[in-house]
Structure formats: structure tokens, C-alpha cells
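Protein chains: 4
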Amino acid sequence: MSGNSFGKLFTVTTFGESHGKALGCIIDGCPPGIEISEEEIQVDLDRRKPGTSKFTTQRKEPDQVEILSGVFEGKTTGTSIGMIIHNTDQRSKDYSEIKETFRPNHADYSYEHKYGARDYRGGGRSSARETAMRVAAGSVAKKYLKQRYGIEIRGYMSQLGPIKTEKLDWEQVHQNPFFCPDVDKLPELEDYMKKLRKSGDSIGAKITIVASGMPPGLGEPVFDRLDADLAHALMSINAVKGIEIGDGFGSIEQKGSEHRDELSPEGFLSNHSGGVAGGITTGQDLIAHIALKPTSSILIPGKSINKAGEPIDVITKGRHDPCVGIRATPIAEAMVAMVVMDHVLRHRAQNADVTTSVPVIPSSVDV
Amino acid sequence: MSGNSFGKLFTVTTFGESHGKALGCIIDGCPPGIEISEEEIQVDLDRRKPGTSKFTTQRKEPDQVEILSGVFEGKTTGTSIGMIIHNTDQRSKDYSEIKETFRPNHADYSYEHKYGARDYRGGGRSSARETAMRVAAGSVAKKYLKQRYGIEIRGYMSQLGPIKTEKLDWEQVHQNPFFCPDVDKLPELEDYMKKLRKSGDSIGAKITIVASGMPPGLGEPVFDRLDADLAHALMSINAVKGIEIGDGFGSIEQKGSEHRDELSPEGFLSNHSGGVAGGITTGQDLIAHIALKPTSSILIPGKSINKAGEPIDVITKGRHDPCVGIRATPIAEAMVAMVVMDHVLRHRAQNADVTTSVPVIPSSVDV
Amino acid sequence: MSGNSFGKLFTVTTFGESHGKALGCIIDGCPPGIEISEEEIQVDLDRRKPGTSKFTTQRKEPDQVEILSGVFEGKTTGTSIGMIIHNTDQRSKDYSEIKETFRPNHADYSYEHKYGARDYRGGGRSSARETAMRVAAGSVAKKYLKQRYGIEIRGYMSQLGPIKTEKLDWEQVHQNPFFCPDVDKLPELEDYMKKLRKSGDSIGAKITIVASGMPPGLGEPVFDRLDADLAHALMSINAVKGIEIGDGFGSIEQKGSEHRDELSPEGFLSNHSGGVAGGITTGQDLIAHIALKPTSSILIPGKSINKAGEPIDVITKGRHDPCVGIRATPIAEAMVAMVVMDHVLRHRAQNADVTTSVPVIPSSVDV
Amino acid sequence: MSGNSFGKLFTVTTFGESHGKALGCIIDGCPPGIEISEEEIQVDLDRRKPGTSKFTTQRKEPDQVEILSGVFEGKTTGTSIGMIIHNTDQRSKDYSEIKETFRPNHADYSYEHKYGARDYRGGGRSSARETAMRVAAGSVAKKYLKQRYGIEIRGYMSQLGPIKTEKLDWEQVHQNPFFCPDVDKLPELEDYMKKLRKSGDSIGAKITIVASGMPPGLGEPVFDRLDADLAHALMSINAVKGIEIGDGFGSIEQKGSEHRDELSPEGFLSNHSGGVAGGITTGQDLIAHIALKPTSSILIPGKSINKAGEPIDVITKGRHDPCVGIRATPIAEAMVAMVVMDHVLRHRAQNADVTTSVPVIPSSVDV
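Residue numbers (the numbering used here), protein chains in the order written: chain P, 2 to 368; chain A, 2 to 368; chain C, 2 to 368; chain U, 2 to 368.
Some clues are possibly wrong.
A pair counts as met if it fits within one copy or between any two copies, since identical chains are not told apart.
[What the hints assert, rightly or not] Below are the EDC-like pairs computed for lysine to aspartate or glutamate, each with C-alpha atoms no more than 20 Å apart in a straight line:
#: 1; residue 1: Lys256; residue 2: Asp90
#: 2; residue 1: Lys308; residue 2: Glu74
#: 3; residue 1: Lys165; residue 2: Glu189
#: 4; residue 1: Lys22; residue 2: Glu67
#: 5; residue 1: Lys147; residue 2: Glu263
#: 6; residue 1: Lys256; residue 2: Asp202
#: 7; residue 1: Lys144; residue 2: Glu189
#: 8; residue 1: Lys147; residue 2: Glu98
#: 9; residue 1: Lys304; residue 2: Glu267
#: 10; residue 1: Lys144; residue 2: Asp47
#: 11; residue 1: Lys256; residue 2: Glu191
#: 12; residue 1: Lys22; residue 2: Glu36
#: 13; residue 1: Lys168; residue 2: Asp47
#: 14; residue 1: Lys147; residue 2: Asp354
#: 15; residue 1: Lys304; residue 2: Glu259
Hints were generated in silico from the structure; no laboratory data involved.
Kindly produce the complete structure, drawing on both the sequences and the hints.
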């Protein structure tokens with residue numbers, strides 16, 4: 002009820018604060034028989050972890066995951082999977098300032114009113130450090146979806162501040178620290194980020210996630226449409242302020258004759274809808290875009306108040322990402338994987354007996 | 002599990018198809034002692050119901066709600082509230098064509114693959130007719146939030162195709178069939194819609210919802226952030242393709258020094274975040290924008306396939322809204338009301354003992 | 002959250018009060034393609050309905066069920082099923098006495114403290130009249146389990162006051178008003194009930210439910226053991242005060258060498274455990290016993306207090322069952338059916354890929 | 002969905018196997034501001050832990066709990082609480098025999114059919130070792146209920162095999178290894194257990210739980226009655242085969258005039274109902290009894306089959322409790338605490354505004 006769990010059938014519950022002893026999660030509902038190892042999960046965690054380039058926070062965390070239960074002789078058993086990551090670089094710095102003040106656009110003020118107190122060390126539970134466990138849990142879902150159904154979930158950065166990527170080369174995405182699929186934009190991105198860091202400011206970003214190999218028929222009608230669950234999942238990521246499925250806000254100015262994705266025996270003729278109709282997959286690629294706000298922690302002084310309600314000036318020192326969007330790609334992939342996994346299980350529960358003679362047409366659209 | 006329920010503590014479960022006998026819902030978790038009548042709920046239903054202007058579908062449905070349980074001597078009892086609306090204008094037309102074919106961008110093809118069959122009469126469960134019950138349930142939440150907490154939830158159309166509203170006059174919103182807050186745009190809107198209908202095409206729209214009078218501290222951390230639950234709720238509305246909280250996609254190109262909402266004893270100095278920080282309300286106005294795609298049912302022939310997989314041409318006859326966005330305002334208000342209500346109850350459950358000496362600062366920003 | 006829903010994947014939500022307009026329910030998660038009709042459901046409802054013999058309440062209710070959605074062309078569609086039963090014999094009697102007083106062992110006093118008010122007409126929501134919708138929903142589950150898996154769920158009265166049945170003849174159960182499987186006990190039962198009615202008193206009873214044809218492997222470990230969910234389901238029936246799985250309280254004095262159900266290639270050698278081990282079915286018959294307390298509404302005056310806290314004497318007039326246990330058999334069957342159905346769906350969700358070479362041994366024990 | 006979570010608002014999710022690396026749990030929904038320490042939780046864990054007397058298993062586990070998150074500066078923060086207990090005495094014995102065979106009345110055979118494989122080391126997830134985390138989580142609930150509401154939850158052994166306790170002296174319960182409240186029965190109990198161990202057999206037991214200081218009005222109508230949730234909670238404990246609320250199975254032979262608990266301004270005149278009416282507390286002591294079967298692991302050879310379906314003889318060696326009921330008292334207390342806590346939070350969510358002029362009458366009955 003208090004929001005630390007996600008998913009109805011593939012349920013991930015997390016704990017842990019930025020500067021606490023450890024982060025952890027429990028996956029409940031994972032199918033048995035999946036080969037899974039700490040090494041495989043670590044691959045995804047390493048994509049998210051801090052300190053890997055000069056464009057992210059310099060906090061050094063190995064983010065080494067340990068599986069505590071639910072995996073036996075190399076395979077999932079079907080019982081709950083416990084995983085843990087110990088925090089190693091939580092600095093015992095002086096928090097006296099942050100303790101008494103509210104940083105603008107951070108959760109400090111809202112947490113104080115919700116709980117009457119807060120773990121002020123590095124943002125406590127509101128820190129994006131919590132997303133490490135999402136990546137670990139999503140990694141298990143990604144693997145199963147790929148092996149069992151051929152579903153592949155991948156993301157890339159599609160925009161950083163004013164710089165929009167123009168080409169989509171999946172090979173490139175994992176070869177640069179920006180998750181940028183357009184090699185031609187790298188010099189511009191590096192240059193922009195260097196200037197940004199020097200200015201002590203931060204910037205927003207846009208991430209795009211694509212799930213390919215989707216079968217038609219996943220999702221539920223009404224409230225738990227696949228796109229509604231995706232919106233929930235993606236908006237739950239720190240700093241996300243907008244979600245689009247398919248053409249998203251572009252649909253406002255489109256006419257019906259343009260937007261509707263016509264069908265032919267050879268495949269769909271377009272994919273404006275982003276792979277869902279009535280909340281249920283069409284078999285086309287599932288496409289979602291998310292907007293991330295600029296990091297709130299910047300070196301430029303800002304106005305705020307302290308706990309007594311008096312006006313103060315705040316500078317957020319410490320180690321921060323100048324663009325939180327950069328490391329958001331693996332997190333968004335993990336959330337999409339959890340949603341698709343959940344709907345795969347839901348579908349099997351209710352529709353195990355379903356057969357149809359209607360052919361599955363191909364997704365003929367390049368993304 | 003199958004998606005016909007929304008909300009964890011204020012839970013609304015719906016049933017009903019476009020051309021079935023009736024639509025209905027059950028509200029579970031409603032506080033006792035709320036004065037509620039069919040007449041009050043009807044006010045909201047009348048705002049959504051079809052056939053009230055020449056710019057919406059001409060289906061004639063009185064959408065007369067009947068309360069069957071959970072209200073005694075004019076007040077809610079705290080037990081489950083059953084409500085029903087009988088369908089009266091479901092035409093016994095010839096469905097043989099629609100039965101064998103898949104209308105582009107409708108849920109026909111995806112439902113067929115999910116369930117192996119479908120109620121093809123008017124879209125069955127995938128029809129937006131289902132949203133009538135959301136409006137009825139949301140009406141109860143809206144009333145309680147207003148009376149008990151002074152929270153007011155209102156929406157308006159902010160864009161229809163290329164026409165963007167420029168002024169926000171709440172009085173205007175309910176005086177024209179477009180939910181348009183800018184009286185100067187009415188002639189342009191009417192003109193646009195007339196031409197659109199003549200062309201047999203449809204158009205997208207953008208709706209904005211504002212919740213004012215919000216207390217700080219509502220929402221949960223991590224997965225059930227208030228904005229994440231709002232995204233879930235709003236994306237579950239038929240035809241919605243995009244969600245923004247506060248500045249939304251505009252945040253991508255903003256710098257941290259611009260985006261962060263500074264605090265002062267006199268109030269917040271801006272509201273780029275749309276009223277949430279870390280997923281929890283700041284006490285500022287909650288602001289969400291949604292993008293609705295153009296209606297898929299248009300008179301212009303389109304390509305598709307039939308159940309045998311053969312290519313066909315489809316014309317969607319019948320009574321349809323040329324812009325589904327027009328009637329979406331009361332639906333979006335209802336969904337926001339359900340989410341806020343749910344979080345009010347969640348907050349009371351966990352944080353009943355919380356006190357804080359931190360002052361609540363005003364929301365100083367005009368929306 | 003407020004307790005009007007049951008089941009995680011096959012979810013039944015109900016509404017309705019004893020003397021309100023109607024009772025209703027929504028089934029969410031029902032598989033598509035099940036042939037179902039109002040006539041079939043009515044068969045189960047008729048077994049529960051009041052006024053069918055002189056040993057039950059004389060309230061006349063046809064309990065005629067109407068399916069409002071979710072069934073199309075005679076089959077379930079997979080979307081939510083709405084059902085309704087209109088109350089027809091709610092008497093507009095004078096409730097002024099009951100309104101101001103608390104009947105002993107009724108929910109009057111506890112509801113008043115919970116909600117601050119209550120629908121006092123015939124007990125409102127606390128009346129067992131609510132169970133009609135459980136029987137309707139359970140009927141759908143029973144049919145599916147029988148047709149798809151060969152699982153049969155049946156119940157009988159095993160004890161009424163001091164009279165214990167000794168023979169189990171399933172044919173007999175539906176041929177007498179007591180659901181008694183032992184024809185030799187009928188004269189004694191009739192005699193006992195006649196005297197009881199004359200005395201104005203009431204009596205308790207014991208009901209036994211057997212699910213045969215169970216596959217091994219249903220149920221979840223830890224908190225949602227199949228027997229734990231059964232206990233939840235059965236204890237939620239009005240007047241139930243005790244639950245036993247298999248030997249139940251008899252196990253206290255058993256030794257391990259006696260209780261353990263040994264296995265052989267020809268089948269299990271006993272069924273003390275009632276068909277579950279570690280919360281998961283063994284494939285043996287699932288056996289549960291429930292104890293129902295005597296009806297609280299009796300003609301013999303009792304002490305109580307009124308709303309002002311003053312001492313009063315109460316006589317509960319009106320139409321009541323002298324033994325609520327009599328009509329509990331179809332209700333208990335319905336609840337067991339819902340639980341088994343829910344676990345069938347859960348099992349399919351998680352374990353769709355499971356195969357094993359371990360043979361299924363027969364349940365060799367006669368119940 | 003897969004059964005490793007309990008509670009709707011105060012939600013406890015556990016992981017861990019008998020011979021895995023660690024056991025752990027996450028509490029979600031705990032109110033903020035509760036003073037809690039590892040030392041306090043350890044007190045309850047020490048009551049359950051193995052090896053403390055010659056009448057329980059000789060496995061040596063310190064069961065040392067570590068709090069990993071959700072507690073800051075000695076108080077709960079309102080965010081998820083992660084706790085862990087490392088296994089220290091999991092022996093690397095030869096499991097080759099147990100791996101290929103199914104121990105009678107254990108979960109071996111049912112798990113194999115459910116999951117297609119199992120962690121056979123010490124029963125894996127089906128071991129009662131899992132209950133350690135329930136005790137840890139329940140300890141937090143117990144403390145809050147006591148401090149905030151004056152609710153006290155205590156249990157005792159009321160029967161071991163043929164030996165029934167006759168006196169209830171709460172002081173005695175924690176001064177002997179049997180949780181026996183009747184000092185006069187101790188010699189008989191010790192003698193019985195010595196003979197039992199010598200015979201290599203095991204025995205069942207009965208535990209009684211009493212929650213005193215209950216306010217009236219807790220619980221939900223219909224499916225989530227407080228007693229239904231208690232039945233769920235208690236039946237989920239390993240080896241439990243029966244549940245009684247109040248008089249339980251004794252109610253079968255009672256008349257209404259005997260069973261109903263009359264009210265007077267000075268208090269209730271009896272407590273046959275065990276503190277609930279209509280599923281909602283009356284303010285009387287909540288009383289539940291549970292029946293635990295004899296341990297399945299005994300030294301006396303038993304018949305079974307192996308994975309190939311061939312007949313075999315099984316002897317369960319290793320370290321086992323001859324009466325699992327003995328250590329069940331703190332586990333049952335923990336489960337009752339979780340249920341009451343959950344309903345306290347539910348009640349606050351929905352009924353925060355409720356006031357009534359109806360006086361609360363005392364529970365005048367000694368238990």
C-alpha cells in the first residue's frame with residue numbers, strides 16, 4: 002500500500018536508502034526454472050552504476066548484487082528471490098545544514114510534511130540510488146522474456162537538452178556513456194556536458210524505450226491497459242515528468258486518417274499508436290518516450306526555507322549527476338520489462354485456453 | 002487482476018459493454034457519512050453524456066444513474082456502493098461486417114488475439130462508454146475531497162488540433178460544448194469542427210487538469226508516487242497517448258536553475274514540477290496535461306484485414322465523436338479525483354499520528 | 002481494501018444490503034469462452050434461497066439472477082461479469098426499535114462503532130442475504146473447474162446440534178432440506194427442528210466440503226497456502242466460528258506415525274491432512290469442515306443496551322433461520338470454488354512452463 | 002500473488018530457505034516515528050529460536066536480526082523496513098537420499114508437482130524456518146499496538162497431545178519451555194515429551210492467542226472480516242490444521258440463547274464469540290485457538306515413493322522438533338499482531354472522520 006511494491010503477478014518490493022546499510026529487493030511470482038546468476042544481473046547493474054564516466058556522479062559504488070534466496074542449483078525455484086546490494090561509499094559527512102533546510106525541487110519538504118521527519122542523508126529513500134534494485138529485478142524479467150518469448154527490451158537517449166539524436170544504431174548505444182544511438186552526436190554531447198558541468202548547472206533529457214518481438218494480445222482492458230501500466234512504471238522513475246506512447250503529444254494535431262495504423266496481410270502500415278490498441282498489444286513494437294527533468298542538485302545558489310520557515314539560500318554540494326537522464330536508460334528498460342512480464346503472467350492466468358484462427362500479421366514498420 | 006478495478010483503498014470496479022444491458026460499478030472503501038444523491042452524481046454524468054451538442058456523437062443516452070446500495074438515509078454507510086446505468090439506445094443494427102473485420106486502430110484485432118472472441122457490438126468493453134461509471138464514481142470522490150479537505154479538481158480543453166487556448170477563465174469552461182476556458186477561441190473551434198465533420202475525419206486534443214487546495218505530503222515514495230498513479234489513471238482513459246506533470250516534455254530543454262521551484266516563506270516562486278516532489282505533493286496546484294489521439298472511427302475508407310487475414314477496405318459508419326477529446330474533461334477529472342482520494346486514505350492509514358512544526362507555505366503561483 | 006472483494010486473480014466484488022434495492026457482484030478475471038447462462042447459475046441460487054422449507058426463514062425471495070455484462074452469445078468474453086438480484090420481499094416494517102438498540106451477537110454494536118451509523122433494516126450489509134452473490138459467482142467457478150479440470154466441489158451437513166450424520170451418500174444430499182447425506186437421520190433432524198422452532202431458540206451446525214479430482218501442485222507457499230486461503234474464505238461466511246482442514250483439531254492428540262499420510266505407487270494410504278501438504282495440494286481430496294454458531298435472532302428475550310447505553314431487553318422478531326447452518330452448504334461450496342479457481346489461475350500464471358516426470362499417484366482414500 | 006506477502010496496508014514480504022544464505026523480510030506501510038531497535042525484536046526472536054531446550058530441534062541458530070533500512074535515528078521513517086537474519090548452522094550434509102524421495106506429509110511431493118523441482122535442503126522454502134521473519138515483523142506491530150492503542154497480544158499452549166492446561170497464569174507462560182500457563186502441568190509435560198523423544202515419534206498441540214485491550218469497530222464486513230483474516234493468518238503457519246474463534250466447534254451444539262453474548266452497561270455477560278460480531282470487533286478480548294499437527298519428520302520408518310514412482314521406506318533423520326506446536330506460540334502472536342495492525346490502518350483510512358455517542362462498554366469476561 003505504501004508504494005514500495007510494483008507488479009501484480011511479478012511483484013518487486015524494494016527497500017534501502019541512499020546512505021543506509023544496504024539496498025535490497027524481493028521478487029515474488031517469478032516462474033521457476035530460469036537460469037540466472039549474479040554475473041548476468043551485474044551486467045545490467047554496471048550499465049546504471051555511478052562513477053563510470055566523467056558525465057555522471059563521482060560516487061564510487063560497485064553495486065555488487067548478491068542473491069540470497071529463490072535460486073537453487075543455478076535456476077529459479079519459483080519461491081521468492083531475495084537480492085541485496087551493500088552501500089560502500091556512503092560518506093559520513095556533515096549533514097547539519099541539509100538536515101534543517103529544504104532543497105528546492107527535492108523531496109525534503111514533501112517528505113517532512115508526510116512523515117514528520119526524514120532520513121536526510123543523501124535524500125534517504127527519495128534518492129535515485131533506490132533504482133539499482135529495479136535494474137536487478139528487471140534483469141531477471143528481461144532474460145525470461147527474451148528466452149521464452151523472444152521479446153527484447155532496449156532503450157536509448159533520444160534527446161539531451163537541445164541536442165536531438167537523428168539516427169538509431171542499436172550497436173552504438175552501449176559504446177558511449179550517453180546511451181546515444183547516433184555516433185555523429187557524440188562530440189556535441191561531450192562538449193555540451195563539459196560546459197554544463199563548468200557552469201554548475203544541470204539539464205533535462207528524453208529517453209526512448211522499444212520492446213520488440215511483442216505478441217499481440219497482452220494487456221488488460223479498462224484500468225490496467227498495458228500503456229497505463231507502462232505510464233505508471235515509467236513515471237515512478239525519479240525525475241520523469243512526461244510519458245508518450247507512440248506519437249504521444251504529436252497525436253493532438255493529427256487527423257484520424259493520418260494517425261490510425263492501417264493493417265494489411267503483410268503487416269501494419271504505420272505505428273503511430275506505439276504498439277497498443279485499446280490498451281492491448283497489436284504485435285507491433287511497443288514504443289515509449291519519457292521526459293526527465295534536470296537534476297535539482299546544482300551548485301548555483303537557490304532560494305528556500307528552513308524548518309522554522311525562515312528564508313535561506315541553498316547550495317547543493319556533494320556528488321551529483323549533471324543530467325540524471327543519462328543513467329535512466331537501464332532503469333527505464335527494467336521498468337518496461339517488469340510491466341511486460343507482469344502482463345505475460347496475467348495473460349497466461351486468464352487466457353490459457355484461448356485459441357484463434359486469426360493470423361498474426363507482422364510489424365512492418367521500422368522504428 | 003484483469004484490470005477492471007482501480008485504486009487500492011478507494012477502489013472502483015466497473016462492468017458493462019457499449020451495447021449490453023447496463024453499465025455498473027462498485028465503490029469499495031468509501032468513507033461513511035458522506036451526503037450523496039443520484040442528482041449530484043447526475044450533474045457530472047450530464048457533462049460527459051453523448052448527444053448534448055452537434056460536436057459529439059449523436060447517440061442518445063440519458064445516462065441516468067441509480068444507486069443500489071451503500072447509501073442509507075442520504076449518506077454513505079461505509080459499505081460497498083453499487084451503481085448502475087442502463088443502456089437505452091443500443092441499436093440492433095447489422096453487425097455482420099464489423100464482426101468479421103478489424104477496424105484500424107480499434108481494439109478489434111488485439112482483443113481477438115487476447116480472448117479468441119469479442120463482443121463486436123459498438124466495440125463492446127473497449128468502448129469509451131465504459132467511462133460513464135468512472136465519472137459516477139469520481140463524482141463521489143470529488144465531493145468528499147471538496148467538502149472535507151477543500152481540494153478542488155477541475156479540467157479544461159487546452160488544445161484541439163492546431164487551436165491552442167490562451168486564456169484560463171474557469172467560468173467559461175462549463176458554458177460551451179468544448180470545455181474551452183478561452184471565450185475568444187470559440188468561433189475558431191466551431192468553424193474547425195464543422196469543416197472536420199464535413200470531411201469525415203477526426204482530430205486529437207489536449208486536456209489539462211488542475212487540483213487546487215492540495216495539502217503537502219500526499220503520495221507515496223518509489224512506485225506509487227502520486228504522479229505515477231496519476232499517469233496510470235490518465236493513460237487508462239480511452240485514446241490518451243501522452244501525460245505530462247507540470248512542465249512535462251518542456252523539462253527536457255530546461256536547466257536545473259530554471260526548472261527547480263524555489264521556496265520562500267510567502268510561497269513557491271514557480272510551479273514547473275506540477276505540484277509534486279519525489280512523488281509527494283508540495284501543496285502547490287497539481288497540474289497534469291493529457292494528449293488524446295483522433296477518433297479512429299472515421300468515414301474515410303481505410304485498409305485492413307478480415308478474420309481470415311485477407312485485405313479489405315473499412316469504413317466505420319455509426320455515431321461517433323469527431324474529437325474524443327471534447328468529452329474527456331469530466332473523465333479526466335474523475336480519474337484525478339480517484340487518485341487523490343486513494344492517496345488521502347493511504348495517508349491517513351499510515352500517517353495518522355504525524356505532526357510537524359514545519360509551516361505549510363502557500364502556492365503562490367497562478368496557473 | 003474494505004473487504005467487499007475476494008480473490009486475487011478470480012476476483013469477486015459484491016454489494017447490497019438485506020433490505021436495499023438489489024444485490025450485485027462483479028467477477029473480474031474470469032477466463033473467456035465459458036458457456037454460462039442465468040438458468041445454470043439459478044440452480045445453485047435456488048439451493049440457497051430462503052423459504053423453500055419450513056426449517057428456514059419464511060422470507061420469500063425468488064433470488065432471480067440477471068447477467069448484465071461479460072457474457073456474449075452465451076459465452077464469457079473475458080471482461081468483467083456484472084450480475085444483479087433484485088430484492089423483492091423487503092418489508093417496510095417498523096424499524097424504530099431495532100434502530101435504537103443493539104441485538105446481542107449481531108453486528109449492530111460493532112458496526113455502530115466502526116461507521117458511526119448503520120443501515121439497521123434487517124442487518125443491512127451484515128445480513129447473510131449478501132451471500133446470494135457469492136453463490137452466483139461461485140457457480141461460474143464450479144462450472145469451469147468441472148468442465149476444464151474435472152474438479153468437483155460438493156458439500157453436506159455433517160452435524161446439526163447434537164445430531165451427527167454417519168453415512169455419506171452424495172445422492173441424498175440434494176433430496177432433503179438439510180443437505181443431509183444420511184437418510185436415516187432425517188426423522189431425527191425433522192423432529193429436532195420442530196421442537197427447536199417451538200421453543201423459539203436456534204442451534205449450531207457443522208458443514209463438510211469436499212473437492213475431488215484435484216491435481217497436485219495447486220496453492221502457494223508461505224502466506225497464501227491453499228488451506229490458508231480456504232480458511233479465509235470459509236471464515237468469511239456469516240456465523241462460521243471454526244475451520245478444520247482434514248483431521249483438524251483431531252490432529253492435536255495424534256502422533257506423527259499416525260497422522261502422516263504415507264504414499265505408495267497405488268495411492269496415498271490415508272488422508273489425515275485433507276489434501277494439502279505445505280499449503281499445496283497433493284492430489285488427494287480436499288476436505289474442510291466448518292462450525293456455524295446458532296442464529297443470534299431468537300424469540301427468547303435477551304439483555305442488551307440501547308444507543309444511550311441504557312439496559313434493555315431485546316426480542317428479535319421477524320423471519321429468521323432457526324439454524325443458519327442449513328443453508329450454508331451451497332455458500333461454502335461457492336467459497337471453496339472461488340479459492341480453487343483463484344489458485345488454478347495463479348498456478349497457470351507462474352508455472353505455465355513446468356513439466357515433471359514424477360508420476361501423479363491416485364487418491365486411494367474414500368472420504 | 003505467489004504468496005510471500007501478507008497484509009494489505011501493513012504488508013510483510015519474506016524470502017529465504019532453510020539452508021540458504023539468509024532469511025529476510027520487507028515491511029511496507031509501517032507508520033513513521035515508532036522507536037524500534039534490533040534488541041527489542043531479538044526478544045521475540047529468542048522466544049521462537051531453535052535449540053533453547055531439549056524439547057525442540059537441536060539446530061543452533063542465533064537468529065540474529067539486522068535492520069537494513071527504514072529506521073533512522075532509532076525511529077521508523079515510514080519507508081520500507083528491510084530486515085535480515087543470516088543462516089549459520091545449515092549443515093552441508095548428504096542430501097542425495099532426500100533429493101530423490103518424497104517424505105510423507107512433507108511438501109516434497111506437492112512442491113515437485115507445482116514447480117517441477119525443489120530446494121530439497123531441509124525443506125527449502127517449506128521449512129518453518131521461514132517463520133523467523135514473521136516473528137521479527139510481528140514484533141514491530143506488537144510494539145506499536147501496545148504503545149499506541151494499549152492492545153496486548155499474547156499466546157500460550159493450551160494442549161499438548163492428551164495433556165490440557167487448566168489454569169491460565171500469564172506469568173508462567175514465559176518461564177517454561179512449553180509456553181504453558183499452568184505450572185501444575187509441567188511435570189506431566191516433561192515426562193510425556195521425554196517418552197515421546199525416546200519413541201522417535203511426534204505429537205500435535207493446541208495454542209491459544211488472546212488480544213486484549215481491543216477497541217470496538219476493527220475489521221471489515223463480508224470477505225475481510227477480522228476473524229476471516231485471522232483464520233488466513235493462522236492457517237498459514239506451518240502444521241496448523243484447525244482454527245477456532247471464541248467457542249469455535251463448541252458452537253455446533255450450543256443453542257442461540259446460550260451462545261449469544263448479552264450486553265449490559267457494565268459489560269458483556271459472556272464471550273462465546275471470541276470478540277467479533279459480523280467480522281468486526283466488539284471490544285471484548287479477541288480469542289483464537291489453533292490446532293497443530295504432529296511433526297512429519299520422525300524416526301519411525303514410513304512408506305513412500307521416489308521420483309521414479311517406486312515404493313520406498315523413508316526415515317527422516319536430522320534435527321527436528323518432536324512437537325512443532327511448542328515453538329508456535331510466538332509465531333501465532335506475530336500473525337495475530339500483523340492482522341490487527343492491518344485492520345487498525347484500514348480503519349484509520351476509511352473511518353478517520355467517524356464519531357459516535359454510543360458508549361464503549363467494558364469486556365467484563367475473564368478469559
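Against the structure, the hints come out as follows:
1. Lys256 - Asp90: Cα proximity of Lys256 and Asp90: none, with 53 Å in one copy and 28 Å across.
2. Lys308 - Glu74: Intra 53 Å, inter 18 Å, cutoff 20 Å: inter-copy only.
3. Lys165 - Glu189: within (10 Å within a copy, 34 Å between copies)
4. Lys22 - Glu67: both (14 Å within a copy, 10 Å between copies)
5. Lys147 - Glu263: Neither: 28 Å inside a chain and 42 Å across chains, both beyond 20 Å.
6. Lys256 - Asp202: Classified as between; 7 Å across copies, 40 Å inside a copy.
7. Lys144 - Glu189: neither (34 Å within a copy, 53 Å between copies)
8. Lys147 - Glu98: Intra 48 Å, inter 36 Å, cutoff 20 Å: neither.
9. Lys304 - Glu267: between (59 Å within a copy, 12 Å between copies)
10. Lys144 - Asp47: within (16 Å within a copy, 41 Å between copies)
11. Lys256 - Glu191: between (39 Å within a copy, 17 Å between copies)
12. Lys22 - Glu36: So Lys22 and Glu36 pass the 20 Å test across copies only (19 Å; inside, 29 Å).
13. Lys168 - Asp47: neither (25 Å within a copy, 49 Å between copies)
14. Lys147 - Asp354: The answer is between: 15 Å across copies meets 20 Å, while 23 Å in one copy does not.
15. Lys304 - Glu259: Close across copies (12 Å), not inside one copy (47 Å); limit 20 Å.
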